[in-house]
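Undergrad: As a plain string of letters, each chain reads:
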Amino acid sequence: MTDKTQAAPELEQIEFEAIDRSSFLMKGVLAAGATYGAFAAGPLLRKAFAQGGGSEGDIEILNFALTLEYLETAFYEEAGKEAKLSSDVAALAKTFGEQEAEHVAGLTQAIEDLGGKPVEAPKVDFGDAFSSEDTFLQTAITFEDLGVSAYNGAGPAISSKDLLATAGAIVQVEGRHAAAVRNAAGEPAAPDAFDPTLTVDEVTKAVQPFLAG
Amino acid sequence: MTVPTNPDRNAIARAARDPFSRRKFLVLTGGTGAAGAFLAACGDDEDDDSTTGSETSTDMETSSDPLADFGEGDVGILNYALTLEYLEAGFYAAVADSGLFKGADLELVKTIGGHEQEHVDALLATLDKLGEKPAPEPKAEFPLDDAMTVLTTAAEVENLGAAAYLGQAAAIEDEEILAAALAIHSVEARHAALLNTLIGEDPTPDGAFAVPADAQMVLDSVQPFLKA
Numbered sequence: 001m002t003d004k005t006q007a008a009p010e011l012e013q014i015e016f017e018a019i020d021r022s023s024f025l026m027k028g029v030l031a032a033g034a035t036y037g038a039f040a041a042g043p044l045l046r047k048a049f050a051q052g053g054g055s056e057g058d059i060e061i062l063n064f065a066l067t068l069e070y071l072e073t074a075f076y077e078e079a080g081k082e083a084k085l086s087s088d089v090a091a092l093a094k095t096f097g098e099q100e101a102e103h104v105a106g107l108t109q110a111i112e113d114l115g116g117k118p119v120e121a122p123k124v125d126f127g128d129a130f131s132s133e134d135t136f137l138q139t140a141i142t143f144e145d146l147g148v149s150a151y152n153g154a155g156p157a158i159s160s161k162d163l164l165a166t167a168g169a170i171v172q173v174e175g176r177h178a179a180a181v182r183n184a185a186g187e188p189a190a191p192d193a194f195d196p197t198l199t200v201d202e203v204t205k206a207v208q209p210f211l212a213g
Numbered sequence: 214m215t216v217p218t219n220p221d222r223n224a225i226a227r228a229a230r231d232p233f234s235r236r237k238f239l240v241l242t243g244g245t246g247a248a249g250a251f252l253a254a255c256g257d258d259e260d261d262d263s264t265t266g267s268e269t270s271t272d273m274e275t276s277s278d279p280l281a282d283f284g285e286g287d288v289g290i291l292n293y294a295l296t297l298e299y300l301e302a303g304f305y306a307a308v309a310d311s312g313l314f315k316g317a318d319l320e321l322v323k324t325i326g327g328h329e330q331e332h333v334d335a336l337l338a339t340l341d342k343l344g345e346k347p348a349p350e351p352k353a354e355f356p357l358d359d360a361m362t363v364l365t366t367a368a369e370v371e372n373l374g375a376a377a378y379l380g381q382a383a384a385i386e387d388e389e390i391l392a393a394a395l396a397i398h399s400v401e402a403r404h405a406a407l408l409n410t411l412i413g414e415d416p417t418p419d420g421a422f423a424v425p426a427d428a429q430m431v432l433d434s435v436q437p438f439l440k441a
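Order-wise, the sequence lines are chains A and B.
The first sequence begins at 1 in my numbering and counts up one residue at a time.
The second sequence begins at 214 in my numbering and counts up one residue at a time.
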């Protein structure tokens, strides 16, 4: 716990109200919903963030997203310097990295507009992600799929309709990135009819390996 | 490693590089070769509306809401989404039957079409759960002249679908329906990015922030596919 606190101060600063301790994937719920006649997933998704919601809750969500976007931006930046990539993949990495940086700028602005304090960029460690094009692509898939599931999970908890629309505009691009890097790796661009939704706890756990102590 | 197309999708890659079939398609569809062109074309109508309606704010309320034809609130959005998903599923089913694709290419068509059918099923199930009458499946016809025509149409439809979901996200009231819509929206985005890549277009044509489409624009855009 103390290790994690030091490793990921940005994430630990953010207090989340746990939704459900068990691993909750929207995919399964949707599958069940389709089978039993409803999208209705039950109350599990409600209020993943600040209990009161409102702008305080939105600031928490935006800072959560900002940390992820910082990670993605750093990942593509380092890849551009360290990974030996074919020209097509290098072009994707450059474009996607620039778009993640735009997400960072947009989220930072939105947090400040709400009177919040944007989190700092996390210290990162991508291990051997840049040792080959394949490891780069596999790590990129991890990040982009994670981004999709994180935004989709947080979306219903966003209070402001404007911010929800912005988060939607971002998550669509994360989904497009995910499809493109998956296709580049020879993997299915859309592995399922419904993208899985991850809780904050699950996302936080998933990014731990990439946060430097 | 071959990028952007998979090695096993050579037929699609060849089709994507065939300028003749691409040009042919553009002629067939009146030059609306991409969702962006739809946006531009529909923008004219919007400008007209906003010009005539800019004098009074009440014009906003009296102007017809195309979603209202589908039902009230979330039900209207669900039925609107259902109509679009019916179109997508019907399109891919027709493509799969067309004989234009074989092997891995056909599998891809079936996979994407299968996703759209799952979206249809989930939306139908939700409307049923809510005790609401689902919108009827629209009668549609799609250009199936050649592989490139199909892929370009698919890319248009997927980009439009993603923009359509994005355009409704903030209007959805029920959290679970919103969660489900988001889970579908990002899959439409994946389809759109893949198809864009396969036809040699940018997987992120709007840049870092995707652009939403309102219902009127979307319905106008699919009009050419609907049979009277």
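There may be inaccurate statements among the hints.
Label pairs and their in silico Cβ distance ranges [said to hold, decoys possible]:
#, chain 1, residue 1, chain 2, residue 2, range
1, B, G327, A, D128, 29 to 37 Å
2, A, S159, B, D334, 51 to 59 Å
3, B, A384, A, S132, 41 to 49 Å
4, B, A353, A, G213, 53 to 61 Å
5, B, D433, A, P188, 29 to 37 Å
6, B, K346, A, G54, 35 to 43 Å
Hints were generated in silico from the structure; no laboratory data involved.
Ideal placement from N, C-alpha and C gives every residue a C-beta, glycine not left out.
Undergrad: Now look at each hint and say whether the structure bears it out.
TA: Comparing the hints with the structure gives:
no., hint, result
1, G327(B) <-> D128(A): 29 to 37 Å, "holds, 36 Å"
2, S159(A) <-> D334(B): 51 to 59 Å, "violated, 31 Å"
3, A384(B) <-> S132(A): 41 to 49 Å, "holds, 45 Å"
4, A353(B) <-> G213(A): 53 to 61 Å, "holds, 57 Å"
5, D433(B) <-> P188(A): 29 to 37 Å, "holds, 32 Å"
6, K346(B) <-> G54(A): 35 to 43 Å, "holds, 36 Å"
Violation of the numbered hints given earlier is confined to hint 2; every other hint is satisfied by the structure.
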